[in-house]
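> Each chain, written out:
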Amino acid sequence: MQRLLREPLLHFFILGAVLFGVYGWLHRGMPAAQNEIVVSRGQIHSLRVQFERVWQRPPTSQELQGLVDNWVRDEIFYREGMAMGLDRDDPVVRRRIGQKMEFIMDSAEPVVPTTDELQAWLDAHPERYAVEPRYTLRQVYFNPVRQGDSLETAMLAARRSLEHGGFAAGDSTLLPPALTSATADELMQVFGPAFERAMQGLPVGSWQGPVRSSYGVHLVELSEREPGRRATLEEARAAVERDLLHARREEADAALYGRLRANYTVHIDSADGSDADPAG
Amino acid sequence: MRTRILVSSLALWTSGILAQSLPTDLGEIQPANAQKFYKKAGYSPYAGKSYPERPYFGDEHVHTGWSADAGMVGATLTPEDAVRFARGDEVVATSGQPVKLGRPLDWIAVTDHSDGMGTIFGIKTGDPEMMKDATLKRWHDMLAAGPEQAHQATMELIAAQSNKKLPPLLMDPKFVKSSWEKSIAIMEKYNEPRRFTAFIAYEWTSNAGGGDNLHRNVIYRDGKDKADQVLPMTTFQSENPEDLWKWMAAYEKKTGGKVLAIPHNGNLSNGRMFALTTYAGGPVTREWAAERARWEPLFEAIQMKGQSESHPSLSTTDEFARGYEIWDRGNLILLPKKPGMIQHEYLREAFKNGLKIEQEVGANPFKYGLAAGTDTHNGLVAEEEENFYCKFPSCEPRPDRWDEDAMKFADRVVKGWELTAAGVTGVWATANTREALWDAMKRKETYGTSGPHMVVRFFGGFDYVPADAVNRSPAIGGYAKGVAMGGDLRKAPAGKAPSFLVAALKDPLGGNLDRIQIIKGWLDKSGKPQEKVFNVVWGDAERRKLDASGKLPPVGNTVDVATATWTNSIGDPELIGVWKDPEFDSSVKAFYYARVLEIPTPRWTAYDAAYFKVKMSSNVPMTTQERAWTSPIWYTP
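Protein sequences, first through last, are from chains A and B. For reference, each letter of the first sequence is one residue, going 83 to 362 in our numbering. For reference, each letter of the second sequence is one residue, going 66 to 702 in our numbering.
It is worth saying that the hints were derived from the structure and are not from the lab. Treat the hints with care, since some could be wrong.
Below, in silico cross-link-like pairs of lysine to aspartate or glutamate (DMTMM-like), each with a Cα-Cα straight-line distance of 25 angstroms or less [what the hints assert, rightly or not]:
hint, chain 1, residue 1, chain 2, residue 2
1, B, Lys289, A, Asp354
2, B, Lys311, A, Glu332
3, B, Lys597, B, Asp646
4, B, Lys289, A, Glu134
5, B, Lys561, B, Glu596
6, B, Lys291, A, Asp335
7, B, Lys473, A, Asp171
8, B, Lys247, A, Asp325
9, B, Lys421, B, Glu317
10, B, Lys289, A, Glu323
11, A, Lys182, B, Asp192
12, B, Lys610, A, Asp231
13, B, Lys323, B, Glu384
14, B, Lys254, A, Glu234
15, A, Lys182, B, Asp198
16, B, Lys254, A, Glu316
17, B, Lys616, B, Glu596
18, B, Lys202, A, Asp188
19, B, Lys311, A, Glu145
20, B, Lys254, B, Glu155
21, A, Lys182, B, Asp383
22, B, Lys291, B, Glu500
23, B, Lys247, A, Asp205
24, B, Lys289, A, Glu184
25, B, Lys645, B, Asp383
26, B, Lys165, A, Glu268
27, B, Lys254, A, Asp267
28, B, Lys165, A, Asp335
29, B, Lys254, B, Glu317
30, B, Lys165, A, Glu333
31, B, Lys165, A, Asp205
32, B, Lys247, A, Glu134
33, B, Lys247, A, Asp188
34, A, Lys182, B, Asp293
35, B, Lys318, B, Glu253
36, B, Lys254, A, Asp169
37, B, Lys247, A, Glu332
38, B, Lys202, A, Asp335
39, B, Lys165, A, Glu323
These numbers come from a predicted model, not from an experiment.
Excised from the complex, chain B in its bound form (with noise of 0.2 angstroms):
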């Protein structure tokens, strides 16, 4: 009887396998099925089988207390902690608070400040030249011999320092190791290739001007073997982004390694992020302009300290650009901007220059993917709305952070509530490792998300159909008929307007779906940047109709401020929807991205109000729409 069950449920699984010929998307993809998909079918079977099946969810920017500013108010936490918290461990925040993350992350790179902190290492790997001298050839010994002798070799170690007793052979230069070289070797330790991803990185933090924002996060595809064959570059040798695209060469010249760089906050830079010269004030040239694009294909559009994607003042018709986590204040130092900086601070803007640039030089330097981060400077990537560590460690949950100021220099003051509980970055790589990451990220096939971990797909193409938008697994067809986020459309066939595969399925966690829309910008015939924001698919469609403009009905809001708590009874679950651009002139250059937008939710500030059972001031949002950007997809004439 037994038996009999077994087959039959085999057979049934088997032929129910063959009935049910629906390619998968985010799990096992059947090869026989793929292959018919795929456009060249070769021998092998799992040929078809390299686009990447899932987004890999991470943190690109993490500041432990090794980080002198984190150092400076307090963050205690060190990047070995920052790993355990990502990989889903419980940690003890600086607060003295244990805080243990929703769901784990599938890598992260931590971001510490680079610079020369050096620690003595030469005694315990037991230097010969050091060995020399009796006095470290005891301490030597004593580290190698257990706890309690190593204690005792440390103690007359520091009194020997205070006494000004130490061997001089220490000190030495060559004997220094550099925090750099210690944080190596900790992400070599945590990183497991296919389970969890720990970057070496670091952040290359320039202020211009002693405060404009130009900072970079610089990624490595590499291991300790190449990483540490070069010290990192540091603001003490240049402020100029573009020597820092020379480090990344001579980086790369040596090792043979990779490095890809990240900038972040436009919005703090006082319009220089993307400004339309060179650092020094020069006319920005093809060489400038592809360098640029070489060495920065993303750009982190949100973080904690607010969103760089668009502003309302230069993307006047769009309803989601307006009070949505802005700081527009100032510069790092909330220096206040003039009248003209804002149009050089956000990305859409900087998309649509980009073009303009082209047209002008013949390269384009803004052609970025999209990323997003936290930027935390207590080790802590806790950026769920119901768990927020905050950036500091000062405003780690306490019944008054809302209300204190977050950031303050002279007069001008940020309030801990406009601190911005964000943000993640997905990455379709073929597998969850260093390598396939950064490849990944290299191409731009990326998407920014304010925290949710929702799945977002994106194609372009000439050739897109909505039957395309019923099979199960979008991805198939739309590798195969066109391109991914980050991609490039050349040429319209004569006649034919690009069409876009769009889907997003919500985080298991989090809201449902309000809508999917494209952003599409280029250039007109006077060579003007223009912009406008299309819907394209939409939850609650049976009720929830277009009017003449284009425009949709909000699509509700269940938040009960009170509880912090909402329902999903209002959107969709999942988005898909094929779109053709209705407007598209083949001669003029375009770029278009998705933006996905969440039902709203209850904002951290709402969870605290309720935890703390606190008032908050009504300025104060109680609620957000979250939401996810991907990298664009350009059209070129």
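One chain only, chain A, in its complex shape (with noise of 0.2 angstroms):
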């Protein structure tokens, strides 16, 4: 007995019994509600699909059945709960209808943009495209708490013979000893941000150092650095028209939702209780 009273199952039927003795009182003296179910040709074929593409099988007759039945319970279910007002006041059915709202909304095939446009909103957002600087260099890695006090030494050393054609170890590291045509950004990710930024103004062609990273200090020689430069239309084409389409849906949405915005008056109470002005 304990058992039953704790099984779930149990709980639903009290629940909807409870459910429908609300509903029948409600729903008293009135006509009863249309209770004829047809399930079409079509409606079985949705099933049968929607099972294929799942499955990549035709259902068994059995299977059929199955949904077949379960899609008649899960109407009657569902057309029992509309007319109980059960969809109202559900964050989730509310936020499902929006979205699919939302979607309808979406549905709008995008007009592709003229190059003119697309040139435009390049030149407007420079930024978002510009090719990274890319830097080709060596560096050899110190470890101040490895060196201590014979730091300033070692590294002195060390670039004497970097600087006559020689070899300097430095200390042992995981970091890459040359990047080749690397981007600002990779060298970002792999040296950390006051790397990148030292970068930036050194000097090409000579050993230069101590450089900061997020690991040390280093001596680094620079044999190129491609400036940044702004794109053409040609190289950011892709992005540039994906980024202009995304901006103008998004405009787009906003101003159907100003539209159906502007068929209501809605009136909203300040938070406190004390009555605000209509919002619009």
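Dock the two chains into a complex; use the hints.
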């Protein structure tokens, strides 16, 4: 008995009975709801197709019967539930219907922008499509903790050796000793922001340093710095078109919402209970 | 003069390369050097460069307002917003606050719950059958005629709908486009090979028994051409993971494509995620175990709802399993746990039990690699401690969020401060493309972190020597002498024990490293699973020594909670070492994986307390030790 009382199905039936009681009372004296359900051939076809698209095979006749029975069951609960107003004040249903509206608002085929329009967008937002500066460099790493007081002498000796075409090991590290045509962003990801900033102004073609990174200090030979520049439309076309369409759609959605909103007078109570002016 | 400088510096540059015959790890490989480290030096100087040079960081678990449960809690951001945010764009959060990532991710998998939300699409594509209807034809023309007309058409459509005067053809299921197809179209638009990868993905959300978390993220290797052909599996069809595997097999058979699944939140499964039986309670068979291992190569070990890597009641001697982002009060609806459940919820225990099952039936169902994600439900992968936008719109940054109920079922509550700002998956792929990333996930060359973008290498073999740790590129020796994380070692050569080359580079924006540990699990002679944690290499080694039991003194703590700051004056920026198993028994099955720990840094709660000037109660942790776990390497005699 204890176990039975904890059974969720029992709770469901009790709750159901109560709700139906309430429903019957609310609808007393009203004519019976329309109680015909037609499972059309189209509906059966749709159930079959849905099944096939998930499982990659047609349902067996037993499975199809199950799908139809479930559909009827859902339909009955759906109708009864709607009649009882169960869709009201349900945040899931509310949000879902709202989303369907957003989907419908979004159903307009985007007009392909002209080259002039794309160029205008690019000119208005050059920073978004800028071609990043690129750096080609070699570096030798020194760990200040490991070096301690000898850091300065070690770096000086290493620099002298490097400047004469020699070799300097520095401290062992997982950091790459050389990068070829790395973007500013890659430099930032590998060495950290301070190092990337230092590269912006570092003289090209000779060993320089110490340069700070997130890991310690470095001697760096920047052999090439390709400056950043504005992208041409040809280079950025796909991204420009995507972003322009995105912006247009957001604008269109806002405008459409504005037009729907204009059909309503909205009164919003102030949060503390005092009256507020109508909001529109 | 100018010419001479150029010539001499060029000479220096080339001679420097020759003199400095150091292969690299994260950057370019000099092909001439790479060759001699490879077992087989082929003719092509570029053939050696096929191994992954850098990890790509991303999130395999993101929900947007299109997930019904996210929509319910008010999330309005779309998959498109989520992808733009992950790429580094600034977006406006549901709560109206502008937000941007500290640094962009390399890839994302938006995993909204699958279902068949429909919308009308035949009109805009001008379907011939639809165009026979005068009204639909007129709307089609208006939609194509610019924004103003398109508005008008949409308004008419809405009016027709409300007056029940919608042309019947419009509601024919064959003209209904699902949110699934829309989501795919968005991912196609933002997927930029070698720059940013947007996976096609969904979450199959099985809440067995009404709240036992058996969720799986399904990640596609494929593009629209294949993914569009098959509808995702939903839990309306089945809550049994075995049916998901069947669905995956059917998808691959039909399309020739490839999919994999990533389960998560064992910690909220009330003993079911790694149960030692099938879903229906039957005995585990070899086929069942092999199927599970085939379709589920990775497990998500940490996310905003806590970690499922280890539990202090199971790993009793592991000091770092204690008090770390533990959610162990119940399942997804906080239904309390019964004794015996926890041991089937955590990954390390599953690794151990997997060895046992393999012993019994001949296949290991729990051969998981490591992943981590956010499971954010507001479309924002903002898991950085200093930029934490939380899981739900309701807990986006606000002064009181720490003290509010994040989850509440009857009197069972999880507090806001308990949410975890995590996590990220590092993938050792050869390129940032769907195919390369997916292949790396499939071979488990991955690691999960609680958020930091640390670089972690882990190799196992029988021939690593300490000198391999001095090489500037452990990867070359690593790949040549053994297997990478996620791999298998078989039959030890006589008299040899496995050795491991492990290395970590701290996140350039994060805290220094405290230590690297190797976690070993094995079956003892009586067939009982065992585990042990070994300290392998650590920061501040000049002042920190192992005691007789192998324990290491704590690294210290520089966090100033009041200002939510710390200094990298303790720990090391990088660690590398070679470790040989001192207790190896070549006759028993074992697994090994690495754990990297950062020095203590402020937890998101400390940033909140400092920014909002609030005082939190004393049980709220203010610091954390961020960490990474690699996929294991398994030893099979």
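> Hints first: check each against the structure and report whether it holds.
Quick rundown of the hints versus the structure:
1. Only pairs whose Cα atoms come within 25 angstroms are accepted, and lysine 289 of chain B paired with aspartate 354 of chain A is rejected, the gap being roughly 51 angstroms.
2. Straight-line distance between C-alpha atoms of lysine 311 of chain B and glutamate 332 of chain A comes to about 40 angstroms, which puts the hinted pair past the 25 angstroms bound.
3. About 11 angstroms separates the Cα atoms of lysine 597 of chain B and aspartate 646 of chain B, which keeps this hinted pair within 25 angstroms; it holds.
4. Distance hint between lysine 289 of chain B and glutamate 134 of chain A is fulfilled; the C-alpha atoms sit about 19 angstroms from each other, no more than 25 angstroms.
5. At roughly 21 angstroms between alpha-carbon atoms, lysine 561 of chain B and glutamate 596 of chain B fall within 25 angstroms of each other, so this suggested pair holds.
6. Annotation: proposed proximity of lysine 291 of chain B to aspartate 335 of chain A is violated, straight-line Cα distance about 31 angstroms (limit 25 angstroms).
7. For the hint linking lysine 473 of chain B to aspartate 171 of chain A, the alpha-carbon distance of about 20 angstroms falls within 25 angstroms, and the restraint holds.
8. Proposed proximity of lysine 247 of chain B and aspartate 325 of chain A is supported: the alpha carbons are some 17 angstroms apart, at most 25 angstroms.
9. This hinted pair does not check out: lysine 421 of chain B and glutamate 317 of chain B have alpha carbons roughly 31 angstroms apart, beyond 25 angstroms.
10. About 20 angstroms separates the Cα atoms of lysine 289 of chain B and glutamate 323 of chain A, which keeps this hinted pair within 25 angstroms; it holds.
11. Between the alpha carbons of lysine 182 of chain A and aspartate 192 of chain B the distance comes to roughly 21 angstroms, so the proposed pair stays at or under 25 angstroms and holds.
12. At roughly 23 angstroms between alpha-carbon atoms, lysine 610 of chain B and aspartate 231 of chain A fall within 25 angstroms of each other, so this suggested pair holds.
13. About 40 angstroms separates the Cα atoms of lysine 323 of chain B and glutamate 384 of chain B, which puts this hinted pair outside 25 angstroms; it is violated.
14. Our distance criterion of 25 angstroms between C-alpha atoms is broken by lysine 254 of chain B and glutamate 234 of chain A, whose separation comes to about 52 angstroms.
15. A distance of roughly 23 angstroms separates the Cα atoms of lysine 182 of chain A and aspartate 198 of chain B; the hinted pair therefore holds under the 25 angstroms criterion.
16. Proximity of lysine 254 of chain B to glutamate 316 of chain A is assessed by CA-CA distance (about 18 angstroms); at most 25 angstroms being required, the pair is judged to hold.
17. For the given pair, lysine 616 of chain B sits about 15 angstroms from glutamate 596 of chain B by alpha-carbon distance, which is consistent with the 25 angstroms threshold.
18. Simply put, lysine 202 of chain B and aspartate 188 of chain A have alpha-carbon atoms about 18 angstroms apart, close enough for the 25 angstroms limit, and the pair holds.
19. Note on lysine 311 of chain B and glutamate 145 of chain A: the hinted pairing holds, with a Cα-Cα distance of about 16 angstroms set against a maximum of 25 angstroms.
20. This hinted pair checks out: lysine 254 of chain B and glutamate 155 of chain B have alpha carbons roughly 18 angstroms apart, not beyond 25 angstroms.
21. Among the hinted pairs, lysine 182 of chain A with aspartate 383 of chain B is inconsistent with the structure: their alpha-carbon atoms are about 51 angstroms apart, more than 25 angstroms.
22. For the hint linking lysine 291 of chain B to glutamate 500 of chain B, the alpha-carbon distance of about 14 angstroms falls within 25 angstroms, and the restraint holds.
23. For the given pair, lysine 247 of chain B sits about 30 angstroms from aspartate 205 of chain A by alpha-carbon distance, which is inconsistent with the 25 angstroms threshold.
24. For the proposed pair lysine 289 of chain B and glutamate 184 of chain A, the alpha carbon gap of about 23 angstroms is at most 25 angstroms, so the pair holds.
25. Distance restraint check for lysine 645 of chain B and aspartate 383 of chain B: the Cα-Cα separation of roughly 20 angstroms lies within the 25 angstroms cut-off, and the hinted pair is therefore satisfied.
26. Under the criterion of a C-alpha separation no larger than 25 angstroms, the hint pairing lysine 165 of chain B with glutamate 268 of chain A is consistent with the structure, at around 19 angstroms.
27. The hinted pair formed by lysine 254 of chain B and aspartate 267 of chain A meets the criterion: a straight-line CA distance of about 22 angstroms does not exceed 25 angstroms.
28. The hinted pair formed by lysine 165 of chain B and aspartate 335 of chain A meets the criterion: a straight-line CA distance of about 23 angstroms does not exceed 25 angstroms.
29. For the hint linking lysine 254 of chain B to glutamate 317 of chain B, the alpha-carbon distance of about 23 angstroms falls within 25 angstroms, and the restraint holds.
30. For the hint pairing lysine 165 of chain B with glutamate 333 of chain A, the CA-to-CA distance comes to about 21 angstroms; that is within 25 angstroms, so the pair holds.
31. Proximity of lysine 165 of chain B to aspartate 205 of chain A is assessed by CA-CA distance (about 23 angstroms); at most 25 angstroms being required, the pair is judged to hold.
32. With a CA separation close to 20 angstroms, the supplied pair lysine 247 of chain B and glutamate 134 of chain A stays within the 25 angstroms bound.
33. The suggested pairing of lysine 247 of chain B with aspartate 188 of chain A holds, with an alpha-carbon distance near 11 angstroms, which does not exceed 25 angstroms.
34. For the hint linking lysine 182 of chain A to aspartate 293 of chain B, the alpha-carbon distance of about 21 angstroms falls within 25 angstroms, and the restraint holds.
35. With a C-alpha separation of about 23 angstroms, the suggested pair lysine 318 of chain B and glutamate 253 of chain B falls inside the 25 angstroms cut-off, and the hint holds.
36. Note on lysine 254 of chain B and aspartate 169 of chain A: the hinted pairing is violated, with a Cα-Cα distance of about 35 angstroms set against a maximum of 25 angstroms.
37. With a C-alpha separation of about 16 angstroms, the suggested pairing of lysine 247 of chain B with glutamate 332 of chain A holds against the 25 angstroms cut-off.
38. Straight-line distance between C-alpha atoms of lysine 202 of chain B and aspartate 335 of chain A comes to about 22 angstroms, which keeps the hinted pair within the 25 angstroms bound.
39. The hinted pair formed by lysine 165 of chain B and glutamate 323 of chain A meets the criterion: a straight-line CA distance of about 22 angstroms does not exceed 25 angstroms.
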